[in-house]
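Trainee: For reference, the chains in residue letters:
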Amino acid sequence: MTTSTRDISSGSGRQREGSPWTGLPTIALKELTDQLGSARIRILAALIILTAIGATYIAIQELKQTVAEDPFIFLRLLTAARDPLPSFLSFLTLFVPLTAITLGFDGINGERSRRTLPRILAQPIYRDALILAKFLAGLATLAVMLLALWLLVTGLGLIELGVAPSGEEVLRGLAFLAVTLAYAGVWLGLALLCSVLFRQPATSALAAVSVWLVFAFLWPVLIDVGTQALQLKSLGFQTSGLDVAQLQLALSRISPNTIFGEVALALLHPATRSLGPILFSQLEGAVLGTPLPFSQSLMLVWPQITGLVAAMIAILTVTYISFQRQEIRS
Amino acid sequence: MTDPIIEAHGLTKRYGDTLAVDHLDLRVRRNEIFGLLGPNGSGKTTTILMMLGLTEPTTGQIRVAGRDPMREPLEVKRRVGYVPDAVGFYDQLSAEANLEYTARLAGIPREESGQRIAAALRSLGLDGVGSKQVRAFSRGMCQRLALAEILIRRPQIAILDEPTVGLDPEGAREFLGMIRELKKDGLTVLLSSHLLDQVQTICDRVGLFHRGRIALEGTVQELSRTVLGNSYRIAIEAIGPAVDAALSRISGVSAIEQRDKRRYRVEALRDVRPDISEAITESGGKLLGLTLEEWSLDDIYTRYFERVRQAA
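Protein sequence lines correspond, in order, to chains A and B.
Under my numbering, the first residue of the first sequence is numbered 580, with each subsequent residue one higher.
Under my numbering, the first residue of the second sequence is numbered 295, with each subsequent residue one higher.
Do not rely on the hints blindly, as some may be mistaken.
[Claimed, not checked] Derived contacts from chain A toward chain B, CB cut-off under 7 Å, selection only:
| no. | residue |
| --- | --- |
| 1 | Arg595 |
| 2 | Gly602 |
| 3 | Arg693 |
| 4 | Thr695 |
| 5 | Arg698 |
| 6 | Leu700 |
| 7 | Gln702 |
| 8 | Pro703 |
| 9 | Ile704 |
| 10 | Asp707 |
| 11 | Ile907 |
[Unchecked claim] Example chain A residues on the side facing chain B (calculated, C-beta under 10 Å, incomplete):
| no. | residue |
| --- | --- |
| 12 | Gly616 |
| 13 | Ser617 |
| 14 | Arg706 |
| 15 | Arg908 |
[As the list claims (entries may be wrong)] Label pairs and their calculated CB-CB ranges:
| no. | chain 1 | residue 1 | chain 2 | residue 2 | range |
| --- | --- | --- | --- | --- | --- |
| 16 | A | Ser598 | B | His303 | 28 to 38 Å |
| 17 | A | Ile892 | B | Ser590 | 56 to 66 Å |
| 18 | B | Glu405 | A | Ile622 | 37 to 47 Å |
| 19 | A | Ile622 | B | Ser590 | 35 to 45 Å |
| 20 | B | Leu489 | A | Ala757 | 52 to 62 Å |
| 21 | B | His317 | A | Ser598 | 27 to 37 Å |
| 22 | B | Gly310 | A | Gly805 | 31 to 41 Å |
Think of the hints as simulated: they come from the structure by calculation, not from any bench.
Where is the CB? At the ideal position from N, CA and C, for every residue including glycine.
Please construct the entire structure, taking both the sequences and the accompanying hints into account.
Mentor: Have a look at this one:
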């Protein structure tokens with residue numbers, strides 16, 4: 580990546596004119612059409628729909644046998660699992676980052692390798708519009724897919740279980756969808772960042788998938804090993820088990836997967852009261868196992884939701900800045 | 295010089311330690327075809343990108359259609375059509391869809407763009423393939439498609455970077471003809487090329503690039519006069535025992551070059567053709583051909599930089 584030197588002598592009056600969003604709807608619409616019509620999205624959609632149907636079917640079987648009187652049966656539909664198959668939620672945690680990366684990894688370097696970048700940027704638009712339109716189009720594609728999936732699962736539940744979802748279940752389901760979209764946005768932003776930083780689409784895809792692999796599989800192991808080593812070292816100090824647990828939690832929350840998992844837990848299991856280690860004294864007077872109202876569940880994970888959205892915006896900002904500073908010519 | 299449409303003063307672009315463009319001064323007049331000529335890597339593309347506001351100049355000023363491309367890039371880009379070297383299109387879209395997309399970005403209303411696209415494709419000989427995917431297009435067809443984009447957008451200035459690279463000679467000639475048509479429509483055309491001879495025929499004026507500067511600027515005739523003085527180059531085809539000696543006796547001849555057994559090339563300060571025919575006949579040889587050769591831009595360029603190198 581070559582960055583331009585920016586020692587402009589006449590700094591004043593260099594404010595650029597015209598809206599940075601000129602052309603944004605046009606580009607976003609074109610990108611959306613491309614995304615929805617692309618072969619890769621068809622493959623992914625087929626894969627995801629099949630797993631969704633499979634996971635939901637298993638969940639329905641499970642629910643019919645065990646918890647026939649669960650008040651949140653449509654939420655249980657998303658989280659119930661039977662060995663060896665994971666739940667719909669686990670599938671989603673796996674597939675959402677992959678889909679987001681698939682949609683974004685060749686956003687900018689693809690334009691470069693097709694040699695369309697100079698031609699498009701020579702049109703009366705700013706670079707801002709191009710990068711933002713690509714992000715929005717990706718997000719819209721993901722939103723369509725997620726909504727379709729959720730409706731599919733709910734529809735299957737309606738047919739098989741024969742009860743309608745309650746208002747709160749719908750509310751919680753929609754809130755969960757919105758958070759999943761923010762989670763997807765983080766990975767989409769990362770994929771776009773890789774597409775700006777790496778000239779080869781293959782390298783960019785590999786880089787994005789590596790980050791995902793680290794957070795999905797390696798990160799928990801690393802934290803475990805790391806904190807154990809710390810415990811040994813600090814034998815002389817007064818470190819309680821609580822401190823270590825809190826450190827582990829704080830470290831694991833660097834991973835967007837953990838954050839998303841926590842939000843999903845609180846929203847889909849209304850009985851969840853705390854996401855960290857909790858002392859017995861704090862549980863005094865609590866009626867365990869009773870569901871929290873939606874607003875309280877939302878309060879519980881509000882910091883996580885804010886964090887996800889903030890991470891998405893931060894990554895997008897870095898992407899935006901690196902793209903602005905890049906030279907157009909290869 | 296009245297009313298320059300592109301004007302640069304002391305334009306400089308530095309990439310780290312290398313100076314890509316070094317205090318460049320340039321004026322392009324309205325409705326002329328101006329050629330930015332020079333070898334690869336002499337700063338032509340960087341200059342063009344600065345004109346479009348796609349690269350920030352390190353120092354210096356540039357004004358395109360009376361505006362600063364860094365401050366008002368949208369206004370500048372609305373007035374300038376650009377065909378980059380190695381132009382690319384979206385493969386999976388048809389030619390029409392590609393043009394429709396840029397027409398939309400340029401702010402042309404949908405009702406009008408359809409007509410303009412059809413007309414542009416027709417005038418560039420692409421009318422049968424408008425609905426075909428660009429994937430199947432040859433290099434020459436892509437170049438024409440890029441030119442179609444300019445016809446549709448109707449800018450004041452067309453900037454073409456290496457328009458003939460990758461085209462066969464016939465295709466290049468045809469394409470240059472199409473560029474000449476743009477001038478008739480009132481456009482100012484700025485084109486860059488390293489193929490000096492190929493584009494000299496259509497340029498009203500040229501600027502010869504050398505290491506980030508325009509070393510020479512003017513019409514081809516002007517340049518040849520400045521660099522080569524009033525010298526003539528004459529090609530001779532003759533057989534005989536002492537053609538060489540005969541030629542060297544003519545006054546005014548500054549250089550003689552024997553190209554093969556019967557062909558010679560002479561440089562002289564005046565038109566020495568009558569003297570040559572006389573001298574060869576007198577020496578007992580037979581004159582088979584005698585032509586006054588035009589100096590090409592390549593010659594001018596080579597001569598000039600030979601001299602610069604010798605002076606250094």
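Trainee: Please flag the earlier hints that this structure goes against, numbers listed from lowest up.
Mentor: Of the numbered hints given earlier, those the structure breaks are 10 and 19, listed in rising order.
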